[in-house]
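Visitor: So the chains spell out like this:
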Amino acid sequence: MAPVPVAEGIFTWPSDEPQLIGSRCTSCQIVTFPVQASCPRCASTKMEAHLLARRGRLWAWTTQEFPPPSPPYAGPTGDAFVPFGVGYVELGGEVRVETRLTVADPEALTEGMEMELVLVPFRADEDGDEVMTFAFRPAD
Amino acid sequence: MDVAIVGVGLHPFGRFPGVSGIEMGAIAIRRALADAGVEWRDIEFAFGGSYEVDNPDAVVALLGLTGLPFTDVYNGCATAASALTLAADTIRLGDHGLGIAVGMDKHLPGAFSADPRQYACPLWYGELGQFVTTKFFGMKINKYMQDHGISHSTLAKVVAKNLRNGALNENAFRRKPMTEEAILGSPMLNYPLTQYMFCSPDEGAAAVVLCRAEDARRYTDKPIYLRATTVRTRRLGAFEVHSPWLPVEETVGPTVDASRAAFERAGLGPEDVDVVQLQDADAGAEIIHLAENGFCCDGDQEALVADGALEIGGSLPVNTDGGLLANGEPIGASGLRQVHEVVRQLRGQAGDRQVPGNPKVGYTQLYGAPGTAGVSILSR
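In order, the protein sequences belong to chains A and B. The C-terminal position of the first sequence is numbered 146 in this note's numbering, with every residue numbered one higher than the one before it. The C-terminal position of the second sequence is numbered 433 in this note's numbering, with every residue numbered one higher than the one before it.
No lab work stands behind these hints: they were computed from the structure. Beta carbons: idealized from backbone N, C-alpha and C, even for Gly. All the given hints hold, so there is nothing to weed out.
Computed footprint of chain B on chain A; a stretch qualifies when at least three of its residues, placed anywhere within it, have a C-beta under 8 Å from a C-beta of chain B: (1) 9-16; (2) 40-50; (3) 62-70; (4) 79-86; (5) 95-101.
If you want the ones that stay clear, here's a sample from chain A, every Cβ over 12 Å from chain B, calculated: (6) Pro-20; (7) Ser-21; (8) Ala-55; (9) Glu-136.
Based on the sequences and whatever the hints tell you, model everything.
Guide: Encoded structure:
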């Protein structure tokens with residue numbers, strides 16, 4: 007019943023202060039998420055790992071109120087499905103990351119609000135282990 | 054060399070159990086041939102677009118094995134624009150004088166899905182439930198509404214208009230008008246978009262016969278000239294569907310690029326256009342695309358919709374055949390359905406939904422994943 011990350015290499019794990027792992031182009035300095043091997047701006051293949059800020063501002067958002075088509079969606083469906091928020095959070099003034107939001111209530115979400123990274127349970131895998139993913143919640 | 058459209062044909066859009074995509078394509082082609090007054094054996098080349106049908110060229114088995122060069126294309130929601138562009142370019146090259154562009158599709162109900170890795174996205178992005186086109190549309194219009202003062206009731210008014218137009222179109226999928234209240238009150242799918250603010254993947258086919266402009270009057274006394282067709286993909290910084298991240302630097306989307314290039318090639322501007330077909334995969338897309346194609350400034354849509362400007366009898370008629378909201382979206386056929394409608398409008402053959410005032414210039418626009426847009430401009 008040990009928690010496991012939804013994928014290797016997208017956030018630091020295990021970690022008390024988890025961070026998303028992106029990459030930065032050593033030629034033009036653009037920051038991507040997740041890591042990618044070549045630069046989408048200058049086509050350089052010299053990319054280095056780059057940890058992203060844990061807090062940022064909400065740039066755009068919506069809600070996901072129906073279970074996405076499965077596959078590829080691997081989370082709870084039917085009665086077990088719980089609507090979730092989705093948005094882009096701008097981190098460190100250098101990248102906007104698309105992410106789950108812990109809040110799905112339109113009344114509680116506003117463009118520009120301060121958000122912070124958390125790890126949340128997503129589903130149980132075949133071994134009964136809890137699969138963890140990243141999400142952003144409104145910061146205190 | 055200029056290119057003219059001399060024939061258009063449509064298989065109705067909707068759901069047709071027992072009829073294959075290829076069969077629908079053959080029916081659309083036969084109708085386009087009849088409209089142009091030509092035979093299948095006269096057609097010198099073809100381009101066929103589809104998402105579900107691997108090999109649209111197999112339609113020759115239903116029409117005649119004449120040996121013509123027949124090339125299949127797929128370019129997401131801009132598939133039909135690509136087929137049309139390639140067909141027009143083939144005539145411009147001078148290799149052939151008379152050809153056809155056809156699109157056909159037969160989708161299952163429900164939101165589109167795919168393997169995210171085919172879109173250069175990581176698998177976990179799909180596993181988490183973020184590889185969803187409707188979510189992007191919700192996010193884009195939600196941001197647009199907050200930034201530019203568009204109301205929820207304007208979204209509902211766009212749907213109501215397109216369903217009213219669809220009710221006048223015997224080829225449309227949804228032909229039953231709905232009230233704004235019922236549209237706003239249907240289940241929320243991706244805030245602020247409710248169920249009836251989205252189009253449905255469905256079935257249908259459309260075909261267009263093209264020739265050298267100088268030959269057009271051999272076939273018709275009402276040739277419609279293809280003044281420009283363009284296809285563009287996203288640039289870094291555009292806010293696009295299926296993007297696990299975006300850079301902080303921002304630029305305009307591929308629709309803006311395709312639109313500007315098309316107007317430049319045609320030597321026309323938005324003020325010259327009399328009838329418009331826009332990609333309204335959701336109500337928000339019609340609102341945003343009005344500005345992205347240069348027909349208004351950001352935020353003007355609120356007043357344009359309230360004043361009825363986008364109605365068939367308005368100053369800027371948009372989606373006169375009901376658009377995607379009333380017709381659904383068989384991906385391969387959708388853009389040629391738009392061209393079919395514009396041709397009918399410019400010929401004065403649109404019946405109950407004819408735009409008054411003898412329209413002279415028409416415009417069509419497609420947009421889809423992963424950030425591809427197509428525009429065409431047509432005139433009498």
